[in-house]
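Participant: Sequence:
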Amino acid sequence: MIRLGLYITLAILIALGAVWFANHPGQVLLIWQGWEIQLSVAVLWLLIFLYTLLCGMLVRLYFWFRVDNPLNSPKRQERRRAKGRTELDLGWSALAVGDRTAALKHGKKALGLLTGDHGPLRLLIRVAPDKDREKYLELLMDDPASRMIALKYRLEQELDADNFPAALGILDDMQTASPGNSWISRQRFDILTRLGQWTEATTELDRLVKDKAEQKHLRAVLSYSAALEADLAGDKNSARTLSRKALKYQAGFSPARDLLARHSPTDDAKTMVHRWACTACGNEQDKYAALCPACHRFGTLTPVAEG
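Take 124 as the starting number for the sequence shown in the numbering used here and just add one per residue.
The hints are simulated quantities; they were obtained by calculation from the structure and are not laboratory data. Note that CB positions come from ideal geometry on N, CA and C, so glycine has one too. Don't take each hint at face value.
Stated by the list, open to error - Here are the simulated DMTMM-like pairs of lysine to aspartate or glutamate, each with C-alpha atoms no more than 25 Å apart in a straight line:
hint: 1; residue 1: Lys231; residue 2: Glu257
hint: 2; residue 1: Lys275; residue 2: Glu201
hint: 3; residue 1: Lys206; residue 2: Glu159
hint: 4; residue 1: Lys339; residue 2: Asp296
hint: 5; residue 1: Lys232; residue 2: Asp253
Said to hold, decoys possible - Have a look at the derived ranges for each label pair, beta carbon to beta carbon:
hint: 6; residue 1: Pro288; residue 2: Pro197; range: 22 to 30 Å
hint: 7; residue 1: Pro252; residue 2: Ser301; range: 26 to 34 Å
hint: 8; residue 1: Asp295; residue 2: Lys198; range: 45 to 53 Å
hint: 9; residue 1: Tyr130; residue 2: Ala268; range: 51 to 59 Å
Kindly generate the complete structure, drawing on both the sequences and the hints.
Facilitator: Next comes the structure, spelled out in structure tokens:
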């Protein structure tokens, strides 16, 4: 009721004002550079009212476009994302059948439609030319959530090029981001053994293998590999020391025994292995072979110590 009373009072005041202006029509004269405009006061107030109303409508239209812009409406954005996901699926499907040109085309369309989504970037780094691939990789690297994907792809590139030192550096970055990942540890172990970095490989082995027996066996393999390198380099003392270290980890590791027998003094060589016997048929021979030459059974040869 109070609001209705206010509206009625305002209407009465407007009516009284209109009657007063009708009974006292004033004239307004506007002169500008020789131009003259003559109009009544009532018409002037009507023009002011219409001008104010127009300005209010323009302000409301401005804020409507800022807040409820139809070009940025949720429905339109969802349609764009649905179309982008479709293009992304088409791109992966094209790549699955080897059509890299179509995959590149669909990937670029998806990248334009899926703003802020890294799915199209993962597709494009697979199919884009070399000059554009680095740009997409940098975009992935800038986001911590997708950095590992970019590192994985660069790792594959370095491994394909047999650039193992660079691959090891990438794996170091990956391990910093994910310290307890066993896959990363396995890759580092493989590359460290390829590079002959036996000490670092042994350290990585502790992260990779939890079973104590397997750890000892692999430590014996690493020590034996280092002994072979020392042997090839002419460092007989180091070869002998590393062979003994391998046997310390696994006493029955026969390759290390053979290597140690070649480089040990005569009195120590009496305990070294020089012959092999098959547990199935008892056949003995001078050299180790995976397959018994007598019964042709695999993995039956065991070392025989000569006194």
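Participant: Taking the hints in turn, state whether each one holds.
Facilitator: Status of the hints after comparison with the structure:
Restraint check: the Cα-Cα separation between Lys231 and Glu257 comes to about 15 Å, which is no more than 25 Å; the hinted pair holds. Annotation: proposed proximity of Lys275 to Glu201 is violated, straight-line Cα distance about 31 Å (limit 25 Å). With a C-alpha separation of about 61 Å, the suggested pairing of Lys206 with Glu159 is violated against the 25 Å cut-off. Simply put, Lys339 and Asp296 have alpha-carbon atoms about 28 Å apart, too far for the 25 Å limit, and the pair is violated.
Straight-line distance between C-alpha atoms of Lys232 and Asp253 comes to about 19 Å, which keeps the hinted pair within the 25 Å bound. At about 51 Å, the beta-carbon gap between Pro288 and Pro197 misses the expected band of 22 to 30 Å. Here the CB-CB span from Pro252 to Ser301 is close to 30 Å, well matched to the stated 26 to 34 Å. Checking the proposed 45 to 53 Å range against Asp295 and Lys198 shows it holds: the Cβ atoms sit about 47 Å from each other.
Restraint check, Tyr130 to Ala268: a C-beta distance of roughly 58 Å satisfies the suggested window 51 to 59 Å.
Hints 2, 3, 4 and 6, counting from the list given before, are not met by this structure.
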